[in-house]
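**Q** Following the hints, position chain A against chain F.
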Amino acid sequence: MADPSDIAHLLRRTEFVARQSRIDELTPLALSDAVENVIDFTANANPQVPAALQVHDNNNGYNQYVSAYNWWVDSMATRPRPFEEKMTLFWHGLFTSEWNVVGRTDHMTHQNQLYRTSCLGNLLTFTQAMALESAMILYLNNAVNYKTAPNENFARELMELYTLGVGNYTEDDVTAAARAWTGYNYDNTTNQYEYRSTKHDGDLKTFFGTTKNWDGPGIINEILHDNVDKQMITARRIARRIWEFLAYPGIEDNILTDLATLFVANNLEIKPLVRAILNRPEFYSPAAKQGLVRTPTEWAVAILAGSGLTSNAVGLLNYADGMGQTVFNPPNVAGWKSNSYWLTTSALSGRANFAKRVASVMRSNNGYNNLYAMSVSDAVDSVAKTFSVYPLADSTRTALMNDFQAERAANNNTGSVTNLLVLVMLSGEMNVG
Amino acid sequence: MLDPDISARDARRHLSTPDINDERPGPGGWTRRTFLQAIGAGAFGAASIGSIASDFFGGGIPTAWAGSPIGPSDGILIVITLYGGMDGTNVFVPYGDGAYYSGRSNIAIKASQLLQVNGSVGFAPQLSYLKSLYDAGQVAAIQGIGYANPNLSHFSSMGIWMNGSYTGQPSGTGWIGRWLDGQPAATADIAAASLDSSVPLHMQGVIRRAAGIPPNGGMFGVDTGASDLRMYSAIRALSATSPGRGALHDTYTSTMTRQLDLANQVAPAFKAALPGGGDLTRKLTIAARLLNANIGLRVLDISTGGLDTHTNETNSLSNTLVDLNSALQAFYATLNPAFQNRVTLMTVSEFGRTVKSNDSGGTDHGTASTSFVIGTNVRGGLYGQMPSLTNVDRNGRMVSNVDFRSMYGSVLDGWMGGGGTSIVSGGFENLNLFSSPPGAPSSTVTPIVLGPSVAGGFVSLTPLRLFDTRDGNGGRLGPLGQGETWTFGQAGQFGIPADATAVAWNLTAVEATVPTFITVWPGGTTRPAASNLNPVPGVTVPNLVISQLGPGGALSMYNNGGSVHLLADLVGYFTASSNLRLQPLTPGRLLDTRDGTGGTLGTIGAQKTITVKVAGRLGVPTNVKAVALNVVATEPTTDSYLTVWPGTDPRPLASSLNMFPGQTVANMVLTKVSADGFISIFNNNGSTHVVADVLGSFADNAPGRFVALQPGRVLDTRDGTGAPLAPVGQDPVILKLAGVRGVPGSQVSGVLLNVTVVTPTMSTYVTVYPSGSERPLASNINAGPGTVIPNMVIGRLGTDGSVAIYNNSGSIDLVADVMGYFTT
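Taken in sequence, the protein lines are chains F and A.
Position 320 of the first sequence, counted from 1, bears residue number 320 in this note's numbering, the numbering being contiguous throughout.
Position 419 of the second sequence, counted from 1, bears residue number 419 in this note's numbering, the numbering being contiguous throughout.
Mixed in with the good hints there might be a few duds.
On the chain F side, residues computed to face chain A include the following (Cβ under 10 angstroms) [what the hints assert, rightly or not]:
#, residue
1, Leu161
2, Asp321
3, Leu348
4, Asn353
5, Asn366
6, Asn402
7, Asn431
In silico lysine-lysine, DSS-like type, Cα no more than 30 angstroms apart, as pairs [as the list claims (entries may be wrong)]:
#, chain 1, residue 1, chain 2, residue 2
8, F, Lys356, A, Lys271
9, F, Lys212, F, Lys147
10, A, Lys110, A, Lys271
11, A, Lys271, A, Lys608
12, A, Lys356, F, Lys199
13, F, Lys356, F, Lys385
14, F, Lys230, F, Lys199
15, F, Lys230, F, Lys212
16, A, Lys736, F, Lys147
Source of the hints: derived by calculation from the structure; they are not laboratory data.
For each residue, glycine too, the CB sits at the ideal point set by N, CA and C.
Only chain F is shown next, with the shape it has when bound in the complex (with noise of 0.2 angstroms):
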């Protein structure tokens, strides 16, 4: 039997909310049985990107990406196993791509629906896949890596943001790199990733002190697998992004050398490293209960599971970037980055705004006006409950009392509710933790 708070800790990090009914499922099992149902994913039965998503509509392409950015959100907050969608979020910010640099939706949910099958899988497969996807190919300019003027877009961030990180390689190992990624275009007749061997350097280079005539793929080869010191540092970098992910930034070092050690052990396989963060002692400290602010994102999405609205109902994309975070477009090539990065006053002022337009439309649903029946410690209670944050510290507790006590006293129905959902949304225990 598993403590109540640490499992709704493991599932407020994985599943972005800790849904009451999911608290009840697990708390009677042990905890590291509570984790295995976790990143168990056969629950969501093979989610599939909607067909309408998956082909490139010329006249209508604003139109595709709002609905997908709608589908991916909805999914977030309605999968019976989220964490599916976080760590495809996760993948997502680490394997950037921005729909506004490609262009097309079809490519962004096809890289996607790859970032979600392979979640969890292995992580050389994986890099491999992603940097055949379409969408990489045209973000990373690998679209026009041509033997005669090769472009080191693609090779440098594979080596800085993707894998390896500053400081492990050199100029010239990026120039290398580069050639080595020439001719692996893109066809603006089919649209699609295409292998060009007459645009393809085919001579000797030499990449970390080897001269070969090196492709595409034997980079990452080199990186993620025959060069074993390459190989520890990826799995360190990648077990470090993982892990500040889910548990808080600034891991110790001694947990990071028995993750990184444990994923190369297993072959560089995610899911048992999943499976070993989620299973430290440290993951359910206070310093991880505490360490990390919900991006606007996770935060949003916890707003519509409690709600039961819809992206589309609330118009989330139009305050998504007042908030900060849209997703399949993130800021740049490094992704997000978290914590004191969301708690600007400018993005902030972002999340205020969307709690209200969500409270109104919670109110004009008509589900919530009972709350004006109730006691003023019941009513808080219930919409804490609803946004699954109950129960909340006392001075939080108090202070949304006092002015639900002072909506009343003013005789406002409207306001009482109104004010009640919304300072629930803006509280430190929705936002943070």
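**A** Chain A in isolation, oriented as in the chain F frame:
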């Protein structure tokens, strides 16, 4: 579709916080986290950090927080961050170095186009206002700025610039943030802000971070309903007591409270309409308004992207520089003059670019560049040295000779109250950038600039001669000499009311001694890089001029070469109190004496007048009060002029169009229409055919109010401004005007352009029409081989926000200056 590299809207967000994934400590072994732990404020500790939290995490003082006005000797700094790596070599151009032209022949700017500072360097042609500030002694151009062992990654290099320390400062902090750390707690909350949804690294201190102001306003917390006010109180209550859920929780609640405070303070800056044009123009206008509000801001960070010019640099860099130039104009036009001597502006970018251009008309990541430090109390001039373009580093890139930290330290010590040495963590070379401290009277005078005018309706007048320099009428006898500027005041005269925003003249140049050009602009302000007339010897050249009025209702006129006489007829003015507005029309032929269109068949003889009905024809409404026409004289038998005026009124002493035997000449004419809907056209000498195309009609309740803009060049095919650097054949030039040079991005019914046809290879005409529409049978400008002929045009925009400019034969160069626009 594809960005060649990192699309640069992004580096700014990438750099918004320390790289949490960076295991490597900063240069001194510090990371932000270890630093916080060292000072006893572990970011992840379980215990409440209580009251210290607000100070240590930049949170607000929970109650009674408000910014306070800054002291009269407190300096203000605006940091303009240009993401992507600005090609300093094409901004502050070392044209005296032959390697400049040999290394980048496909994008090099001709020496004649540059705004030359001396025999070796000059500003890019788009930077006319910056050049005028430089000439006034208010711009320090720091050449060869950079750092040793330059990094070519956008992220890494911008990180180095933003961190701004030689050694020892936490890598997750920036130089302005560390300045902010040293400010008194009572004022620190509002002392620094970024106009962005995220707060970049340079605005992040060890213990504080700058506020973020959304670039489009709309902050939460400005509604004033009773329930809203109670909600705000509750949000404040949430930050007043820490629930003991850790430091992040407390930082979150205090930042939310701080956001509430900020919302009301900044809301006024977003209330009035913002100018159109580029990102920087909008943001620097907001910046000036925020400073005018005097809420305690001392550093404001604004930015734009798009400098990563791997391809097609001529166009994209030109657009940014046009924006930068108009942004500086808008800033000084908006800024309360009382603050002028308290403000310094600075440009930064993560690196310069390669000396050599690539095959795609772009440049790749480089090293040294030029930064500008701008302000009334700046000691203007050249700093550092332009790096050699041939004695380069082993990667072929220029070598810097001024460390950027010297600029920071000099500004901190000279303008921001000190701290330079500790903030940049090292002895820096003090560049002595300032001639006097903040708030001290400046010995230099900032050129007057005007913002866009208030939208006005038209008042059409019977033409009235204002001046003629040949006979002294109007107060001046004698031609304008070479390089001379003459300013003509109209306040309280000629029936022009005090609230007139712009006037319409028909300006005629006579007796030019050499080919020259005339520029007309609001009196007293900086002369724009634009032209209105292109006189040549032996030819009388008219053109319509519509210009915003400067102080005293004045217009200035500049003659570039030789000497030339000018005469002007007032044809109307614009004022907010007039309801007479423009309906731009698809150009349509009202009159053609060659085929009888309009009721007259055959030439108009000497001293003859014809009348033409305009009301109710070609989309002109029956209640029309005035029309905009393009009038063409063709096949004239002798030198003559036409006068156009309303219906049966007495003919005024004025000219609308001058002609010469055998030439076809066009001029745009604004004329009042008689009550019964007619205009009259008079020919003075010989005989001539006349063609008139209607361009628009003025009537009550038509849509278009006129907004005058500072004249600005939007197209010059001779230097690649607005279109490729190449002569124009029969493929129309598509010229984007929406969102350009002060023209809004939408709700524009027409743009007033002065279009100049330059040296056609054969006789031709030019038609301006909405991009994407069928080209109408009409002409705007007629020009013979080798001539330079301007005419005013009302350009209607296509759905892409552009006009198409069609050249009928041979090849020509085209120049266009935007003068204003009509609203919808």
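**Q** All hints, please: hold or fail.
**A** Status of each hint after checking the structure:
1. Taken as an interface hint, Leu161 of chain F checks out: its beta carbon lies about 9 angstroms from the nearest beta carbon of chain A, inside 10 angstroms.
2. Satisfaction of the interface hint for Asp321 of chain F is found here, the shortest Cβ-Cβ separation to chain A being roughly 7 angstroms, below the 10 angstroms cut-off.
3. Hint on Leu348 of chain F holds. Least Cβ distance to chain A is approximately 5 angstroms, under the 10 angstroms limit.
4. For Asn353 of chain F, the shortest C-beta to C-beta distance to chain A is roughly 5 angstroms, which falls under 10 angstroms, so the interface hint holds.
5. Restraint check, Asn366 of chain F versus chain A: the minimum CB separation of about 19 angstroms is more than 10 angstroms; hint violated.
6. Because the closest C-beta pair between Asn402 of chain F and chain A is about 7 angstroms apart, less than 10 angstroms, the hint holds.
7. Hint on Asn431 of chain F holds. Least Cβ distance to chain A is approximately 5 angstroms, under the 10 angstroms limit.
8. Restraint check for Lys356 of chain F and Lys271 of chain A: satisfied, since their Cα atoms lie roughly 22 angstroms apart, inside the 30 angstroms limit.
9. Between Lys212 of chain F and Lys147 of chain F the CA atoms are separated by roughly 16 angstroms; this keeps the pair inside 30 angstroms, and the hint holds.
10. Of the pairs offered as hints, the one joining Lys110 of chain A and Lys271 of chain A is violated, with about 43 angstroms between alpha carbons and a cut-off of 30 angstroms exceeded.
11. In summary, the hint linking Lys271 of chain A to Lys608 of chain A is not supported, as the alpha carbons are separated by about 56 angstroms, beyond the 30 angstroms threshold.
12. As the CA atoms of Lys356 of chain A and Lys199 of chain F are separated by approximately 25 angstroms, the hinted pair is consistent with the 30 angstroms bound.
13. Restraint check for Lys356 of chain F and Lys385 of chain F: satisfied, since their Cα atoms lie roughly 19 angstroms apart, inside the 30 angstroms limit.
14. Between Lys230 of chain F and Lys199 of chain F the alpha-carbon distance is near 28 angstroms, which keeps this suggested pair within the 30 angstroms criterion.
15. Under the criterion of a C-alpha separation no larger than 30 angstroms, the hint pairing Lys230 of chain F with Lys212 of chain F is consistent with the structure, at around 18 angstroms.
16. Taking the CA atoms of Lys736 of chain A and Lys147 of chain F, the gap is about 36 angstroms. The hint is violated against a cut of 30 angstroms.
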